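For the protein sequence lines, the chains are W, V, C and D, in the order given.
Heads up: the first sequence at position 104 corresponds to 1148 in the working numbering, and the numbers run straight through without jumps.
Heads up: the second sequence at position 161 corresponds to 1205 in the working numbering, and the numbers run straight through without jumps.
Heads up: the third sequence at position 4 corresponds to 1048 in the working numbering, and the numbers run straight through without jumps.
Heads up: the fourth sequence at position 25 corresponds to 1069 in the working numbering, and the numbers run straight through without jumps.
FYI, nobody ran anything at the bench for these hints, they're computed from the structure.
Treat the numbers as computed from the prediction; the structure is a model and nothing was measured.
Fair warning: there could be bad hints in the mix.
[Stated by the list, open to error] One side of the interface only, derived from the structure: several residues of chain V facing chain D at Cβ under 8 Å:
{"#": "1", "residue": "1080"}
{"#": "2", "residue": "1084"}
{"#": "3", "residue": "1093"}
{"#": "4", "residue": "1108"}
[Stated by the list, open to error] Pair ranges (Cβ atoms, derived):
{"#": "5", "chain 1": "C", "residue 1": "1069", "chain 2": "W", "residue 2": "1169", "range": "52 to 60 Å"}
{"#": "6", "chain 1": "D", "residue 1": "1110", "chain 2": "V", "residue 2": "1185", "range": "53 to 61 Å"}
{"#": "7", "chain 1": "D", "residue 1": "1142", "chain 2": "W", "residue 2": "1119", "range": "39 to 47 Å"}
{"#": "8", "chain 1": "C", "residue 1": "1190", "chain 2": "W", "residue 2": "1169", "range": "55 to 63 Å"}
Glycine included, C-beta positions come from ideal geometry on N, C-alpha and C.
Residue strings, one per chain:
4 protein chains.
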Amino acid sequence: MTEKAGKVPEQTTSQAGRHRPGPERREAYRVFRRLGTRWMDNDAYGHANNAAYFSWFDTAVNAWLIEQGLLDVEAGQTIGLVVENHCNYFASVGFPQDIDVGLRVGHVGSSSVHYEIGIFALLAQTAAAQGHLVHVYVDRDTRRPVSLPPALRAATLALHAPASA
Amino acid sequence: MTEKAGKVPEQTTSQAGRHRPGPERREAYRVFRRLGTRWMDNDAYGHANNAAYFSWFDTAVNAWLIEQGLLDVEAGQTIGLVVENHCNYFASVGFPQDIDVGLRVGHVGSSSVHYEIGIFALLAQTAAAQGHLVHVYVDRDTRRPVSLPPALRAATLALHAPASA
Amino acid sequence: MTEKAGKVPEQTTSQAGRHRPGPERREAYRVFRRLGTRWMDNDAYGHANNAAYFSWFDTAVNAWLIEQGLLDVEAGQTIGLVVENHCNYFASVGFPQDIDVGLRVGHVGSSSVHYEIGIFALLAQTAAAQGHLVHVYVDRDTRRPVSLPPALRAATLALHAPASA
Amino acid sequence: MTEKAGKVPEQTTSQAGRHRPGPERREAYRVFRRLGTRWMDNDAYGHANNAAYFSWFDTAVNAWLIEQGLLDVEAGQTIGLVVENHCNYFASVGFPQDIDVGLRVGHVGSSSVHYEIGIFALLAQTAAAQGHLVHVYVDRDTRRPVSLPPALRAATLALHAPASA
C-alpha cells in the first residue's frame, strides 16, 4: 500500500528465500527525466503510494518516446501497450520532493521493448525504487502486435544496457 | 502505458524468450472482492491504465486486512508497506465494467506476506491480469520490520495456495 | 488538499461573508449509485483527497449515462465534456468506506446539462459533500457543441429537481 | 468527465443564463509554478481529466505553503483542509504538455484562505482553466478551525489580488 521501506528489503530477502535485487546506482541508467510529485501521490502513511510509481514509469517512458518522435498518441498507427510491469521499493519518496527517473532498455524483441526504470531522490546516488515495464507495440486498430518500426528499434537499442556496462 | 493486450502475451513470450505466465482461472484464488472501475481509470487508449490495477491490488488487500481486523490504518502499531509488486496483463478491462479481484497468499515470511492477485472481468473464468504484492509489516513509528502478529500469520496462512491446490 | 471538515463550514461561512450552502439530505437527490473507495483515495491526512470526489462525480454521471444508453464512450458521435465543476465539503469520508452518490439534474440547456451531486456516507442522511458538474455535449470530431439528442434531453429532464420538490 | 472545451463556454453561458467567467490572463496571478503532466492524467477523450486539475491545484497551493515554511505536513500542528473548490474549463491541456499554475489569494478570513488558481499552457497568455480552493486551517488533532498563524496571514495577504489590480 505504500513504498516506505528503509532498509527493509535485505531482511525480507533472506526471510523469503527469494531473490530481490538491491538498489542500483545512477550510472546503471542511460537517460534521466526529472518529474514532480503531487500532493495526491502520498497516501495515509505519508509517502508516495506504489501506484504513483507506475504513473511515473508510464510518464517517463512515453514522454521519451514522444520526444524522440516515436509515439504519436493521437494519430500514430503503432501504439505501445504495457503487458508486464514490476517494481521493488527500497526507500520512500513523496510530495513535495522532485524525483529523477532513470531509463534504459533491457531487451528489444521483434515487437516488444523491455524498459528498465530507476526512481531517485534528487541527491541520492542509489535508487529509491526500480522496476521495469514491457511494451508490446501493436496496431492501433487491430491491437495486434507489429514489428517494431525501424526508428523505434534503433532508438531503443541505443538505450540498451547501462552506460557503464 | 495501458493494459490492453488481447492475445499479445503468447507472442511476446516466444519473442522475448522470457517466461511470462499464462492467465490463471478463478479456482486459483481463495477469496474474491468485487470492485467498481472509474471513469478516470481509463487512459487515452480507452482502457484502464496499468497504475489503476495497482490501486485495485492495494484496495483488495487492505480491505481484506481491515475486514479481518488485522489492520487499523489510523491507530494500529503494525502497518504493511509494499516492498515489491508486479503485474502481467492478458486482456483489457476498464470503466464502466465492474471487476472481481481474486486473492490468495503465496508465501508467509517472518515479517512479510506475499499476496497473489488476479483481476477478472465479471463473466470471465480466466484472469485479465494477475500479479502480486509483497507487504513487509513494520512498526508504525520506527518503520522497522516486526514479526507478524499471530492473528495476521494465521489469517494469511489460511489464504495460502489455491483452493484446488 | 483534503476534505475533512467536521463542522467547519458554518464557521467559515460567517467569517468569509460568502454564501456557502449547508449539506442537503438524501431526499434532495433522484437516483443513487453506491461506489467503493480505494486505498489511494486517502491522502496524508487520512481521508479521501478532494480530487477523488471529482473522480466519483465523473464516475456516477457517466455510468448513469451509459446505463441509460445515452453515452457510448468508444463510438458515440456525441460526447460530454466538463466545462465547470464545484464541490463543498462538510464531513470527511474515505477508504475503506463505501459511499452513496446522489444525482439530480439542475438545469438542461440547449447543449448542456448541469448535474448536481451529493456524496453520502452509507448511514448518513445528510451529505458529506455536494457539488455539481456541467457537461457540454459536443461532436466527438469537431468538439463543437451540439443540440442535446432528444433521448438525452428527456432522460435528464426526468432527473430534474429533487423528488420532494 | 474531461476538460476539453474549445470555445464552448461562451455558448453555454448564454444558453444557461448563468454567469460563467471568461478566462483570465497571466497578469491576474501573483506567483507561478511549472508542473508536469502525466500519462495517466489523460482520459479516454485524450486530454487531462477534470480530477487531474484539482490534483494540480492542491499541489501548487501546498508546495507554495511548504516552500514558505508555512506548512509541515508531517509534524505541523496546523493543517489546511479543503472545504470548497471549483473549476471552469476553457481549453484542453494534457500529457505530455507542461503547464504553468498561477496563484493568488482572493480572501483571507480569520481561519480560512481563498486561493485562486489559473492553469496555463506554456505559451498561452489566457487560462486554459481557472478556479479556486478554500482552505480552512485546523488543529491537526481536534480538526477544529484555528486562527490563522501570523506568518500564514502575512504571506497570504501578500499574495492578495492580481498584480495589476
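Status of the hints after comparison with the structure:
1. 1080: Cβ of residue 1080 of chain V sits 16 Å from chain D, so the hint is violated.
2. 1084: holds, 5 Å
3. 1093: holds, 5 Å
4. 1108: violated, 25 Å
5. C:1069 <-> W:1169: 52 to 60 Å: Holds: the Cβ-Cβ distance is about 58 Å, inside 52 to 60 Å.
6. D:1110 <-> V:1185: 53 to 61 Å: violated, 23 Å
7. D:1142 <-> W:1119: 39 to 47 Å: violated, 21 Å
8. C:1190 <-> W:1169: 55 to 63 Å: Roughly 56 Å apart at Cβ, these two residues keep to the hinted range, so it holds.
The earlier numbered hints that this structure contradicts are 1, 4, 6 and 7.
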